[in-house]
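Trainee: Throw the hints in and build the complete structure from the sequences for me.
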Amino acid sequence: MAKLKIALYWAASCGGCEIATLAIHEKILKLAEVADIVFWPVGLDFKYADVEKMADKSVDVCLFNGAIRNEENEHMAKLLRAKSKIMIAYGSCAYEGCIPGLSNFYNRQMTMDRAYIETPSTDNPKKILPQTKFKVPEGELELPELYDTVKTLGQTVDVDYIVPGCPPEERTTWLALEALISGKLPPKGTVISHAVKAVCDECPRKKEEKKIKKFYRAYEKVPEPERCLLEQGFLCYGVATRGGCGALCPQANMRCTGCYGPVEGVIDQGAHFLSALSSIIDSNDPEEIQRIVDEIPDPAGTFYRYSLPDSLLRRAIVK
Amino acid sequence: MKRITIDPITRLEGHGKITIFLNEDGSVANTYLQIPELRGFEKFSEGRIAEDMPQITQRICGVCPEAHHMAGTKALDDLFHVEPTSTAKKLRELLYSSFYVTDHTTHFYILAGPDFVMGPDASPAERNILGVIGKVGLELGGAVINTRKQNHWIIQTVGGRPIHPCFGLPGGVSRAINEEERAKIEEIAKGSVEFAKLTLKVFDDVVLKNKAYLDMILSDTFTLKSYNMGLVDKNNKVNFYDGKVRVVGPDGKELCKYAPREYLEHIAERVEPWTYLKFPYLKKVGWKGFVDGKDSGVYRATPLSRLNAADGMATPLAQAEYEKMYSTLGGKPVNYTLATHWARLIELLYAAERLLELSRDPEITSPNIRNIPTAKPDEGVGIVEAPRGTLTHHYITDEKGVIKKCNLIVGTTNNYAPLFMSVRKAAADLIKPGVKITEGLLNRIEMAWRPYDPCMSCATHALPGQLPLEVTIYDAQGNEVKKLSRGI
Chain B
1 MAKLKIALYW AASCGGCEIA TLAIHEKILK LAEVADIVFW PVGLDFKYAD
51 VEKMADKSVD VCLFNGAIRN EENEHMAKLL RAKSKIMIAY GSCAYEGCIP
101 GLSNFYNRQM TMDRAYIETP STDNPKKILP QTKFKVPEGE LELPELYDTV
151 KTLGQTVDVD YIVPGCPPEE RTTWLALEAL ISGKLPPKGT VISHAVKAVC
201 DECPRKKEEK KIKKFYRAYE KVPEPERCLL EQGFLCYGVA TRGGCGALCP
251 QANMRCTGCY GPVEGVIDQG AHFLSALSSI IDSNDPEEIQ RIVDEIPDPA
301 GTFYRYSLPD SLLRRAIVK
Chain Y
1 MKRITIDPIT RLEGHGKITI FLNEDGSVAN TYLQIPELRG FEKFSEGRIA
51 EDMPQITQRI CGVCPEAHHM AGTKALDDLF HVEPTSTAKK LRELLYSSFY
101 VTDHTTHFYI LAGPDFVMGP DASPAERNIL GVIGKVGLEL GGAVINTRKQ
151 NHWIIQTVGG RPIHPCFGLP GGVSRAINEE ERAKIEEIAK GSVEFAKLTL
201 KVFDDVVLKN KAYLDMILSD TFTLKSYNMG LVDKNNKVNF YDGKVRVVGP
251 DGKELCKYAP REYLEHIAER VEPWTYLKFP YLKKVGWKGF VDGKDSGVYR
301 ATPLSRLNAA DGMATPLAQA EYEKMYSTLG GKPVNYTLAT HWARLIELLY
351 AAERLLELSR DPEITSPNIR NIPTAKPDEG VGIVEAPRGT LTHHYITDEK
401 GVIKKCNLIV GTTNNYAPLF MSVRKAAADL IKPGVKITEG LLNRIEMAWR
451 PYDPCMSCAT HALPGQLPLE VTIYDAQGNE VKKLSRGI
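Residue numbers (our numbering), protein chains in the order written: chain B, 1 to 319; chain Y, 1 to 488.
Worth flagging that the hints you see were computed from the coordinates, not collected in a lab. Because the structure is a prediction, the values reported are computed rather than measured. Some hints here could point you the wrong way.
So, partial list: chain Y residues that the calculated Cβ filter (under 7 Å) puts toward chain B [what the hints assert, rightly or not]:
| no. | residue |
| --- | --- |
| 1 | N30 |
| 2 | K43 |
| 3 | R161 |
| 4 | L264 |
| 5 | P273 |
| 6 | Y276 |
| 7 | V402 |
C-beta atoms are modelled at their ideal positions from N, C-alpha and C, and glycine is treated no differently.
Mentor: So, in structure tokens, the structure goes:
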């Protein structure tokens, strides 16, 4: 059997997905037996021009991580889509925009002003901003244009599969690679993870009755070691988050923050969590309910921590 | 005018672009190093809840999330006016030491090592980690993989997750470790100390005993006389997790020593219109352009500058290596950029020794890991030494602990000006009229840059391996006259 041809690429990302790909450790040797990596800017010596020369659909699989937020990201997404039979959104940035997607609460101008003018360490009395084209004495220098809105890979090109997580855990990565190697591919659009249900299903914490009178911030009290964090009033996002990670954060006594995205069948993770919350508040008094909910600062940034660009909201309207 | 573009740069952890402009005679007119990305964390952190900042800001960089997590957590201690318990501080430093072991190992064997072990002129097909393993032996290759894997286990065990840990809280950490875990950490630490010693021996055998390499290290092309920055403990010894920031001049004299809260008195950042990254400099010395020397506020925050800024190492084996380096290279400070690789290995040994010390600390398994803050949050600054430079996080919140303002001066950003200057100097020295521009020559230019271990995902708030390199030369009319590529 011919070896699989795999391409890996990163767009607007932190590099954690690259480290996660390497985190399959010794299994990487097994991968090398059955697959050739034909493009991987971080790990190997190939050029953009080489990708352009490839025939359409000559790459079997592209694992694409990172969101789309400038011209270069978009160009590479379209190019790799054309060259690849299967396009995978690998990791939360490509899947749903992730934490950099929180930029969609603001716009490009506000982001630039903060970085280059307002920050207290910045010394920029002439209010110089980076330019996409700038003439220096020797010639002209160019920079890619930063977009106003962070987009997901799926909003840019057709995506076949999704590997969730910030970053995907080792076992999730391997699950996807095994499916590719064996050729036993799930239906198009599948989110590849060990779970279709919530993180709670794999969390060892004891769940009893969820009735909440008060929400607590992580710094306000030490959680009881074995009881469900949400039942204790911590805004644990496990109920609205797809499992597969192994519930690592709750086992380290920290709330789930939602990085594996929505559970199967849910479009908007934030709305799902909100509806879950409203059903566990222990009150029938509208005023009391309002008071309890008001204790949650930054609901939008908390409920859409990883999914703002892919949510029904997409972005804030900035005046 | 001719133009050479190196885009993107190989074995750089992130995106970057070098453009070299040539005069008609083939000499270098000027060089630019551009960073093509901005990620905007300083803006979109506004409105978020403060206690989540260690987890939010670590998404600046998946290569060194532990550094952001730690700087953010320390900023929270300050913001909430709470002192962490003694065990919490030790657990944080233990995780951080383990992180340094993995990070410095990755850099030496995968990013920098190939240049020295295989030689700068080796074919790109050999000049990589596989070539290194082939030359130094499979056994050492296995040790590299094993050291990284075991230390990642420590990071997951202590920090909650293998990448992007979640354990930092104002006043402490979220999880204690038990005796069984401690014993395993101690075993891994012992192995890491041996691995670091072995790595220094490899460096000694391959690099220091090779006169050609030693001459290259000592050459003017790879020398830059800048200020040196690094975090030091109360005895002025190198510390990664805590202490004051000390700055020492190219002449070895202390310029200043500041606490995190004082950083704005000492550091300012300059904006240039041709790049998304800012150029920090020493405020009291001032910005004099891209020049080195005592009158220029350009500073470096690298393994070498940390050793230059300190009076020594806090652990015995690393201290012995520290003394050896300075006696070999002619005393302090060392301004030879390529010696940064050596300094990094001395830090690797220190990190492993410190990990071992902490794993044996009687307090390390104590369940007393958190102090609950009682004061209202307002403003906090946290500084740690990230592998790629001094990392500063500064948050201002309302009384509910919601971020109003956030300022970040990130590892590689500190080194942007010197990095640019080192590349420019190497290009000007190596590209001469009549000299053929070969792949090896271009790799030497990149060698001026690799000691900084630049991480542009980190610097742009915006990895390991080898990025593609393409060099295109244009004539004065903008016509392509030559194209050079590396690899396929």
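Trainee: Which of the numbered hints above does this structure break?
Mentor: Per hint list: zero violations.
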